[in-house]
Amino acid sequence: MGAGAWFTAHVHAAERAFRRLLSQPAGTLLSVLVIGIAITLPLGLYTLFTNITAAASRVNTDPNVNVYLTLNASEAEARNLEKTLRSRANVGSIRFISRESALAEMKRIANLADLLASLETNPLPHALSIRPISVDPAALAQLRQEISAMPKVEYVVMDFEWAQKLKRFASFAERLMILLGMILALAVVFVTGNTIRLQILTQRDEIEVSRLIGATRRFIRRPFLYFGALQGLLAGLLAVAAVLGFIAWAGTEVAALTLSYGSEFALQAPSLTQAIGVTLAAMAMGWLGAFLSVWLYLRRSKP
Amino acid sequence: MIAFSNTAKRYPSGFEALKGISCTIEKGEMVAISGRSGAGKSTLLKLAAGIERASQGSVMVNGQNVSQLKEAGLAVMRRNFGLVFQDHKLLFDRNVFENVALPLSIAAFPHAETGKRVRAALDKVGLLNRERSNPVTLSGGEQQRLCIARAIVNRPSILVADEPTGNLDREYAETIIDLFKSFNQVGVTVLLSTHDEGGLARLNCRRLLLDGGKLVP
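Chains Z and Y supply the protein sequences, listed in that same order.
Just so you know, numbering that gives the first Met the number 0 puts 97 at position 98 of the first sequence, and the rest follows in order with no gaps.
Just so you know, numbering that gives the first Met the number 0 puts 41 at position 42 of the second sequence, and the rest follows in order with no gaps.
Just to be clear, a hint being listed does not mean it is correct.
[To be verified] Pairs of lysine-lysine residues, derived as DSS-like cross-links and limited to a Cα-Cα distance of at most 30 angstroms, are as follows:
no.: 1; chain 1: Y; residue 1: Lys213; chain 2: Y; residue 2: Lys26
no.: 2; chain 1: Z; residue 1: Lys301; chain 2: Y; residue 2: Lys213
no.: 3; chain 1: Z; residue 1: Lys301; chain 2: Y; residue 2: Lys69
no.: 4; chain 1: Y; residue 1: Lys115; chain 2: Y; residue 2: Lys18
no.: 5; chain 1: Y; residue 1: Lys69; chain 2: Z; residue 2: Lys82
no.: 6; chain 1: Z; residue 1: Lys301; chain 2: Y; residue 2: Lys18
no.: 7; chain 1: Z; residue 1: Lys166; chain 2: Y; residue 2: Lys26
no.: 8; chain 1: Y; residue 1: Lys26; chain 2: Z; residue 2: Lys301
I should point out that these hints are in silico values taken from the structure, not numbers from a laboratory.
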């Protein structure tokens, strides 16, 4: 087949696929909706995940051990404790946070100025923020135990633990999302395959006659492949639109919510490259579903 | 040229439709295959067109052994054939024009050329004024002529027709036989089956008589 004939054959096949899509608007809409939802789920989760990851990356996850002293500990006692701790083996640097500066900081970041101003006394203790040399869990546990036993120490908090947990959770969520994405991608292939199978059944006479008068497998397959890809394209666009719509709808609320906690955070929509990538992947899955369906049918039928 | 050499066909049910057929149909020749129902006429035509494969012996078409052709090769070979089926095999979800255009679509003809050829074929069989009709609205004779139009639109070198005049009244049958004669006169090899004695006489061509799957000398 020459280049001109090849192009003509593809134009014919694309036209036929497009006509089939338009000739069954209700069926097409239903299939596109089902496939679109199947793509929206992993895309939505991915968007959520990237947003959580972005938020987590802004959190300081450097190992930090915070030592809170008793309320009756004086600044001199706190400074003495600082000196003692500096001589410890696993202590890198120490920052002293006075109860006054802690209160001032709290007023600044938590929008609690009015509430804190109404207090007669400062409820915050002096604190020491330690950067340990080793983050080995055993070494850290030992450090915590030693500091806890010191006089005037109320409690010791290793405030990076939750951030590490968040990272682990993000890593787990990423794997879960990949698995879910793969399962739903398979679902897209099967949904498209089933749609095409039903189409094949309605076009069985045409396929039989076409083969009798010289149609190759490629000729038979081509319009179905275009149909599957077109369906995938529409479903991909629907999924992207759904996620963008959700971000536009919920984004302002999320921004307002995080602002009330003294933080600035806005939901990020998938990038143009990601949107195109998802749409192309949906087309590819539609194409694959159609290919498998026609392949199975032709394999069983007589040449 | 179509050559059968000691060709036999046994169906999976065990029925032996053809037994040791050996004959040759020359290029540009018109041959009528006759015989009673079940004599093997349709099977012989199907073997020539590669729709069925021989169980024994060979079928050569223009130097190619049809039994050894792979699927893609068969498809290419069939494009040189014009097939007129006993049951017409028309597509009732397409109009007359689209039915005739199908072989050209398979061969990836451009739209403009397709239009010209389809109208020429419909004109030849007298259905030009029905191109937008659905085949279901056509009479039996018109459906048969539509099937012929589809078979000739690709300008095939070999025309194979299975009972093209079956179930038609005399007037229609004669029109169709004359059509085949006119195709043969322009060099098309014509191989058709019929059990209509009147049609055979009108065809005035070489005749192969089959009986019980064997050629009667």
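Status of the hints after comparison with the structure:
| no. | hint | in the structure |
| --- | --- | --- |
| 1 | Y:Lys213 x Y:Lys26 | holds (23 angstroms) |
| 2 | Z:Lys301 x Y:Lys213 | holds (26 angstroms) |
| 3 | Z:Lys301 x Y:Lys69 | holds (12 angstroms) |
| 4 | Y:Lys115 x Y:Lys18 | violated (44 angstroms) |
| 5 | Y:Lys69 x Z:Lys82 | violated (90 angstroms) |
| 6 | Z:Lys301 x Y:Lys18 | holds (23 angstroms) |
| 7 | Z:Lys166 x Y:Lys26 | violated (80 angstroms) |
| 8 | Y:Lys26 x Z:Lys301 | holds (29 angstroms) |
The structure shown violates the earlier hints numbered 4, 5 and 7.
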